[in-house]
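Chemist: This is what each chain is made of:
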Amino acid sequence: MGFSLIPKEVQFFDLFDKQAEIITIAAAHFREMAEKGQFDDANIEKMSDIEHSCDLITHDIIDKLNRCFITPFDREDIYALAHELDDLVDMIYSVAKRMRMYKLNTVNKDMVQFALLIEQSSCALAKALSGLRHSKHHKPILVSCIEINRLENEGDHLRDTVIGSLFDNSTDPIATIKWKETFEGAETCLDICEDVANIIESILVKNS
Amino acid sequence: MGFSLIPKEVQFFDLFDKQAEIITIAAAHFREMAEKGQFDDANIEKMSDIEHSCDLITHDIIDKLNRCFITPFDREDIYALAHELDDLVDMIYSVAKRMRMYKLNTVNKDMVQFALLIEQSSCALAKALSGLRHSKHHKPILVSCIEINRLENEGDHLRDTVIGSLFDNSTDPIATIKWKETFEGAETCLDICEDVANIIESILVKNS
Amino acid sequence: MGFSLIPKEVQFFDLFDKQAEIITIAAAHFREMAEKGQFDDANIEKMSDIEHSCDLITHDIIDKLNRCFITPFDREDIYALAHELDDLVDMIYSVAKRMRMYKLNTVNKDMVQFALLIEQSSCALAKALSGLRHSKHHKPILVSCIEINRLENEGDHLRDTVIGSLFDNSTDPIATIKWKETFEGAETCLDICEDVANIIESILVKNS
Chain A
15 MGFSLIPKEV QFFDLFDKQA EIITIAAAHF REMAEKGQFD DANIEKMSDI EHSCDLITHD
75 IIDKLNRCFI TPFDREDIYA LAHELDDLVD MIYSVAKRMR MYKLNTVNKD MVQFALLIEQ
135 SSCALAKALS GLRHSKHHKP ILVSCIEINR LENEGDHLRD TVIGSLFDNS TDPIATIKWK
195 ETFEGAETCL DICEDVANII ESILVKNS
Chain B
15 MGFSLIPKEV QFFDLFDKQA EIITIAAAHF REMAEKGQFD DANIEKMSDI EHSCDLITHD
75 IIDKLNRCFI TPFDREDIYA LAHELDDLVD MIYSVAKRMR MYKLNTVNKD MVQFALLIEQ
135 SSCALAKALS GLRHSKHHKP ILVSCIEINR LENEGDHLRD TVIGSLFDNS TDPIATIKWK
195 ETFEGAETCL DICEDVANII ESILVKNS
Chain C
15 MGFSLIPKEV QFFDLFDKQA EIITIAAAHF REMAEKGQFD DANIEKMSDI EHSCDLITHD
75 IIDKLNRCFI TPFDREDIYA LAHELDDLVD MIYSVAKRMR MYKLNTVNKD MVQFALLIEQ
135 SSCALAKALS GLRHSKHHKP ILVSCIEINR LENEGDHLRD TVIGSLFDNS TDPIATIKWK
195 ETFEGAETCL DICEDVANII ESILVKNS
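Chains as they are written, first to last, in the numbering used here: chain A, 15 to 222; chain B, 15 to 222; chain C, 15 to 222.
By construction, these hints were calculated from the structure, which means they are not laboratory data. Since we're looking at a predicted model, the values are computed, not measured. Beta carbons: idealized from backbone N, C-alpha and C, even for Gly. One should not assume that every hint holds.
Label pairs and their computed distance ranges (CB to CB) [as the list claims (entries may be wrong)]: (1) Thr175(A) x Lys150(B): 55 to 63 angstroms; (2) Leu130(A) x Arg89(B): 42 to 50 angstroms; (3) Leu130(C) x Glu59(A): 47 to 55 angstroms.
Generate the whole structure from the sequences, applying the supplied hints.
Modeler: Now the structure itself:
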């Protein structure tokens, strides 16, 4: 029986692909909820299941990492990647839960805009992660990372515009608190995508 | 004269036990304040002393860690444990200070409920930490970690219910801001307990 | 041709000095805005340029770190230092942007006070960083770290006093939300300075 290290290494890439797939599902589901203005029990339940499936894979990655002697790149980078990706799904879920809790069940065009940015960033992130398998081919990975950074900047700008006008026109302090928090939460999702992109870029540099 | 490494290793366990003891004292004091609705100067002063004694032990752990060549488990885990435990006491203290600052000196049954959860989680955490001395006996440590996770979920649910009804019935935006912040702070204490449980679980896996 | 490691090591110190210089410029610019009550487009634009120049140096440090085999002290400490210093400038910029977004263009004596504390802490931090070059001479570095801790405590106290009286006298919930957030953001700048001081202290212990 031969002894091969490569399958062990590839496993991490497969697991990251799974995490990435769950993230894109979470982002698509969030965007649908925003477009329909339906942050109701059934939709939150579905998001909770998505979040739970991401938890399982994250634990699987950490578990394999703790037992594994040889890793495709630095252990701390694998650890950081898995946790940031998990944080991303947690954050999407958390914003959705707040929308329900605050009964914000109207279609809000700004929240739809945030949801679209999160979905685009999640897709770029899935591409970058999948590219890590062939980390010597930097180019397409970097293109995705740059796209993630661009989307985060767009999100920053959107948040400032949206919260600015929220306060300018505020007559209902309670509604202002609710929307401020959920818009900021949505923007935080884009920040986490950028954190992932930064980890990926540092992996590229170390392995170049 | 013999040369023994074991005492040096045990020292860390003793120090974590001390940190855990201070945490349970802080949690008990917080629960008493909540039950009496007395977040007054005298009680905050006492909490400040508790927090300061935790600082001293945290510094002691970090200092010993920086000077020590052999550690009972990974340096970064010892570091992370010490800091998270310190963060927990800081957070309990911080919530108590906000309660005083906002003059929230009535007995609030939801805050009492949070305080009870924090106290239970702190006790479970002290048990788990004390078990690390015999980390080959996973079972009782894992039982405590599972309990900490359960309490965090309960806290999440409590926060959503409590803040949901706070906003549903809100007529006073300023009071809403105050209570929202302190309830969220209380729930963050349970999050930090869970972070500690996660570190402990990863230590178990690495040393299994 | 000789082969020298020392210049490579000194490079990090030079880069940290540059980061420190940018931080003191950012802090001085923030203090000027606060003193004039002018958080306007031109001033925010200038702060954005300062923040961008800090980004470039941070990337440069991380890049050199990833390519470098020999470092003057632990890689993770260099990494943590560079990131915390970058976070500090980001936070100062972020508070300034919020002041503009909320149109808080009056001279507020408490914000001026925070700005002065941030400027003092930034100067102490620049001194401590510059001292790392001669890390065997602990004394002056520790004096700066103690000063940074003292300023953070002062900031904590200021925040509690200021937010306490903000809520005591609140008639306008929207204005209360705005000021609470910006005061807390200003205090977070001092927290980050303290985080940097903690990293510096741990570097000293490890290299003593």
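Chemist: If a hint holds in the structure, say so; if it does not, say that too.
Modeler: We went through each hint and held it up to the structure:
At roughly 57 angstroms, the beta-carbon separation of Thr175(A) and Lys150(B) lies within the given 55 to 63 angstroms, and the hint holds. At about 44 angstroms, the CB distance of Leu130(A) to Arg89(B) agrees with the hint of 42 to 50 angstroms. Checked against the hint of 47 to 55 angstroms, the C-beta distance between Leu130(C) and Glu59(A) comes to roughly 51 angstroms, which is consistent with it.
Violated hints are absent here; each numbered hint is respected by the structure.
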